[in-house]
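**Student:** All chains, please: the whole structure from these sequences, using the hints.
Residue numbers (my numbering), protein chains in the order written: chain A, 1 to 293; chain U, 1001 to 1322.
Keep in mind that the hints were calculated from the coordinates and are not lab data. Mixed in with the good hints, there may be bad ones.
Partial list, derived from the structure: chain A residues whose beta carbon lies under 7 Å from chain U [as the list claims (entries may be wrong)]:
| no. | residue |
| --- | --- |
| 1 | Leu-53 |
| 2 | Asn-80 |
| 3 | Leu-99 |
| 4 | Asn-100 |
Derived contacts from chain U toward chain A, CB cut-off under 7 Å, selection only [said to hold, decoys possible]:
| no. | residue |
| --- | --- |
| 5 | Trp-1003 |
| 6 | Val-1109 |
| 7 | Gly-1278 |
C-beta atoms are modelled at their ideal positions from N, C-alpha and C, and glycine is treated no differently.
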Amino acid sequence: MNALETTGLGMRHRRTWALRDCSVAVPAGRVAALVGPNGAGKTTLLRLAVGLLTPTTGQVRIFGRPARESGERTAFVAQNKPLYTGFRVSEMLRFGRGLNPRWDDAAARRRLTELGIPLDRRIGRLSGGQRTQVALTVALAKRPDLLMLDEPLADLDPLARDDVARGLMGAVAETGLTVLLSSHVVSELEGVCDWLVVVNGGRVQVSGDIDELMARHSLLTGPAETADALAARLPVVSRSGAGRQATLLVRDDAPPPDPRWSARPVTLEEMVLAYLRTPDAAALPRPALSPAH
Amino acid sequence: MFWLTWRQHRVQILVTGGLLLALGVLMLVSALRATAYLAEYAPPGCPGPAVSCSAVNQVVYTDHYRPVFLVFGLLPIFGAALIGVFWGAPLLAAEFERGTNALAWTQAVPIRRWLTVKLGMLGALVAGAALALSAMVGAWRNIFSGVTGDVTMEPGNFTITGIVPAAWWLFAFAVGAAAGTVTRRTLAAMAVTVAVICLALPVVFSSRPSYAEPVRVVTADRSSVARGGGALVRESWVDPSGRELTAPPPPPCPLPAGVDTRSDRAQLLGEECLVGSGYRYAVYYHPVDRFWRFQLTETAILLTGALAFGALAVVRTLRHRG
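**Tutor:** Below is the structure:
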């Protein structure tokens, strides 16, 4: 079962497409990273998935149901962590309790107490990290099956970033919910996410299990004069190099056919950057299938 | 949802309630003082239309009625504008502006229910507040009915009496809410709201005389109509043969020597001369017994407008909620 599934999803703002022909699936139980440069369409995809935007083309399904009928099963934390700044923390909890039948008030209070966030503090007087934690608490206390977070770790200091990431991981371990979080910083996703979606220029470039994707890609290094011949025989994602050394990132896990070349595994960041530098390259399984190959 | 509506709008609710209370106290004090004054100084049978009452009528009118009427005489315009600006405009604009639409409309409660409760609960409070004000004004004015006669058809009084205030306030509230979905900024929505209300007020006020065909009375004494308390529409001259004239006829009698033809006195003498020569006034007016008919007509017009703007706000919110 896919927690999130989009088919041919497109969103046009006046003349420009913020997202185009996007078919992507996130299986249930995954922690998926939605990666791409600023303005790639990440926010648009998330806002379509929670039903805040109406797609121009295609559709979104949340556990097989239309996005706008899934308010009870999804939770969303938007980029600026919107909360009512005049409310006290306890009033934000009352807001959540009043608007969500599955609300878990005890868990929310416990979580905030553990984080040392006073319930009578006004939202406007919280630090950035505390505010993110309150927004995350309100989202988690809904007991959603799919939690979507838009840049949850942006504009947090490293300590708060680590706290938020760990809080999120704790909740995933406890409840087994599916998470989709967007980010433009790839390094902060390693060890947190196990599914990757790369969007670039309004299109989906990569979608799949992170371990599998990494196993299917390798970084080849060898003499520059033979690079063209090798590149003609292998699916090259990106190529770089200086002087007589050339480096190819290829979507292939077989050892290089030319003995003068050496291969080593890619890191997540190298792989993502290689795709972002080459917007025409793509690594997409057919949507709605269990992990490809 | 009800708690949320109260929590988000309690400032408006409390301030409006406080202002109503202050106006109520003002009118209560005024009514008590006027009653005490009348009990002490009014001759038997006064206040009333009798000539012997005119002195006491005059005192009560200038010292007790007019100062308070000046306070709420502006309310038909300001009250509606304030409701539109502080109740209507922020309702949706503030959610868009602060990005909390992404919070409020991604909860389990569907956006339709959110809109229904907010618009319904706040609309009911707005209407209730307007009716409370109109009831207080009505009770206060009853004290002065002997002094002023029936003034409910006067434009200023008509707008603040009966059910029309509720219709105006609801209209303004809906305009504000709709403006918020267009501008998505609170301040801009407030400005648009004021602009729309400023346009709507003269349109509605100037169309009021055409809610019904006015009554036509041919009379030599036109102040008799004014004393009855109706709303004057227009008047013209009728010549001795009964034909209505479009322009005032030239007075047939010569003016006494030393009277400037442009003076008020020349005007008065000319009119007296015309009446003496068989000319009459044709007065078109709406008598006071049309009060409720006019109230219902204006309420229907404004509620139609309120529904149209309310529907615009709902449709735009549902379409562009993100």
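**Student:** Hint by hint, work out which the structure violates, then give me just those numbers in ascending order.
**Tutor:** Hint check: 7 fails alone, others pass.
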